[in-house]
Structures are given as C-alpha cells and as structure tokens.
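A.B. asks: The lines below spell out each chain.
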Amino acid sequence: MPIIVNLDVMMAKRKISSGELAEKIGISPANLSILKTGKAKAIRFSTMEKICKVLDCQPGDILEYRPD
Amino acid sequence: MWSSEKSIILSKLGVLFFMGLVLAAVVAAPWLTRWFVEFSQAGLKVEEAVYFMGTIYVGFVPAAFLLYSLFKLLRRIETGQVFTDENVDLLRRISWSCFAGAGVALVSLFYYYPWFFVALAAAFMGLIVRVVKNVVAQVVELKNEADYTV
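Taken in order, these protein sequences are the chains called L and Z.
Sequential numbering from 51 applies to the first sequence in the numbering used here.
Sequential numbering from -7 applies to the second sequence in the numbering used here.
It is possible that some hints are incorrect.
What the hints assert, rightly or not - Ranges between beta-carbon positions, derived for each pair:
1) L:Met98 <-> Z:Met(-7): 42 to 50 Å
2) L:Arg94 <-> Z:Val131: 18 to 26 Å
3) Z:Glu78 <-> L:Lys89: 17 to 25 Å
4) Z:Lys(-2) <-> L:Lys103: 47 to 55 Å
5) L:Met98 <-> Z:Asn126: 27 to 35 Å
6) Z:Ile120 <-> L:Ser68: 44 to 52 Å
7) Z:Thr76 <-> L:Lys103: 18 to 26 Å
8) Z:Ile1 <-> L:Gly110: 20 to 28 Å
9) L:Gly88 <-> Z:Ile120: 21 to 29 Å
10) Z:Phe75 <-> L:Glu70: 32 to 40 Å
11) Z:Tyr43 <-> L:Ala92: 20 to 28 Å
12) Z:Thr76 <-> L:Met98: 42 to 50 Å
13) Z:Phe9 <-> L:Pro52: 48 to 56 Å
Worth flagging that the hints you see were computed from the coordinates, not collected in a lab.
The beta carbon of each residue, even a glycine, is placed where N, CA and C say it ideally should be.
Looking at chain L on its own, in the form it has when it is part of the complex (with noise of 0.2 Å):
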C-alpha cells in the first residue's frame, strides 16, 4: 500500500514507549502494533485526533503517500 505509517518516527523523537501511547490513546497495544506495521487498513479520526494530541503533531506527520 502507498501508504506509510511513521508512527514509530514520531514516537521516537518525544520519546515515548508503545505501551505509554497506547494506554494514553486509549488503544490495546495490539492495535497499536497493527497500526505501527502498516498493517492497519483504515484509521478512525477519533484514533488519529488522540495521536494528534499525544505527540504534539499533525496527521502529515504520522502518514505519508508514496507512490508504488
């Protein structure tokens, strides 16, 4: 999928566990780990509104298009 989650970048750089993210957005780390994969087929606002929140950043930040 053109698609690309940079989560774990973003995560990264404020420094932040999987465990600490998913418990703040109020996710199971499971589905925290489908979304870190990439394996994750669609992404609710209401999820991406908590990320938003949590690491200070814009929706950009998180999800990137490649073209194939």
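Fit chain Z to the known structure of chain L by using the hints.
C.D. replies: Okay, now just chain Z, sitting in the frame of chain L:
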C-alpha cells in the same frame, strides 16, 4: 429449546446420512443397477447395467469430496470460524464438486437421457453455492477491513 448448536448437529447428521447413502450406493451398485435395469420399464438391456455402475463409481468421487468438504465446513462453523478465507475455499470446492457431478451426469447422457435432469439439478446447485461463496468472500473482506481498523 432450539439453538444454532442443535441446528449444526442436525446438519452434520444430514451430511453423515448422505455419506452413508453414497457409500451404500457404491457397495450395492451391482445389485442396484441390475434391479433398476430389470424393473424400471425403461426398455434398457441388462448389459447396459455396467454403464450405470460406471456413472455411480465415477460420480462417487465428486460426491464424496463434496460431502467431506460440507462436513469440514460445518465443523469450522461449530468452532466459531464462520467468515474466513478457508470457508470461502471450502464453498468453492463444494461448488466445483457439484459442477463435476453435473459433468459426470452429462457424459452419462449417451446411454440414458434422464441423466440430463440430474446434470441440470447438480449444475443449478453448484451455481447457488457459487453465489453464496461470492457473498461470503465479500463478507470476509469487509470483516478483515473492520478488524484492521484502528
């Protein structure tokens, strides 16, 4: 009280009954075909019983495969694995088994024309299962999408 578990058990019993029926037809084929040729009043010769036996033996292969796949499908449903790629695959196998049975019946037309109705019924059944397979495949896709929505 009637429940989905009991319904599945009933379906499994039905499949087992047909498995027994198919096995009995194969074992009793020599007597069954002779009886049919002699008493059917269809104007058949006794030598033609061998063709009927051929149809029964060749038709046994797709029938057994179909019943085995059906039983496997029911066991998967019983364990809660309903909308999965494996079940779509099983439905595809069942559908192709019906078409294979229709093919056997079509070939058998050369000695007994009423096989046409068996071929037609089997092909129609295969078509219905194929449509169900297409629907389940779409549901599996939707389910996967929902499961991977974060």
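A.B. asks: If a hint holds in the structure, say so; if it doesn't, say that too.
C.D. replies: Now for the hints, and whether the structure bears them out:
{"no.": "1", "hint": "L:Met98 <-> Z:Met(-7): 42 to 50 Å", "result": "46 Å, holds"}
{"no.": "2", "hint": "L:Arg94 <-> Z:Val131: 18 to 26 Å", "result": "21 Å, holds"}
{"no.": "3", "hint": "Z:Glu78 <-> L:Lys89: 17 to 25 Å", "result": "20 Å, holds"}
{"no.": "4", "hint": "Z:Lys(-2) <-> L:Lys103: 47 to 55 Å", "result": "50 Å, holds"}
{"no.": "5", "hint": "L:Met98 <-> Z:Asn126: 27 to 35 Å", "result": "34 Å, holds"}
{"no.": "6", "hint": "Z:Ile120 <-> L:Ser68: 44 to 52 Å", "result": "48 Å, holds"}
{"no.": "7", "hint": "Z:Thr76 <-> L:Lys103: 18 to 26 Å", "result": "37 Å, violated"}
{"no.": "8", "hint": "Z:Ile1 <-> L:Gly110: 20 to 28 Å", "result": "55 Å, violated"}
{"no.": "9", "hint": "L:Gly88 <-> Z:Ile120: 21 to 29 Å", "result": "39 Å, violated"}
{"no.": "10", "hint": "Z:Phe75 <-> L:Glu70: 32 to 40 Å", "result": "35 Å, holds"}
{"no.": "11", "hint": "Z:Tyr43 <-> L:Ala92: 20 to 28 Å", "result": "58 Å, violated"}
{"no.": "12", "hint": "Z:Thr76 <-> L:Met98: 42 to 50 Å", "result": "30 Å, violated"}
{"no.": "13", "hint": "Z:Phe9 <-> L:Pro52: 48 to 56 Å", "result": "53 Å, holds"}
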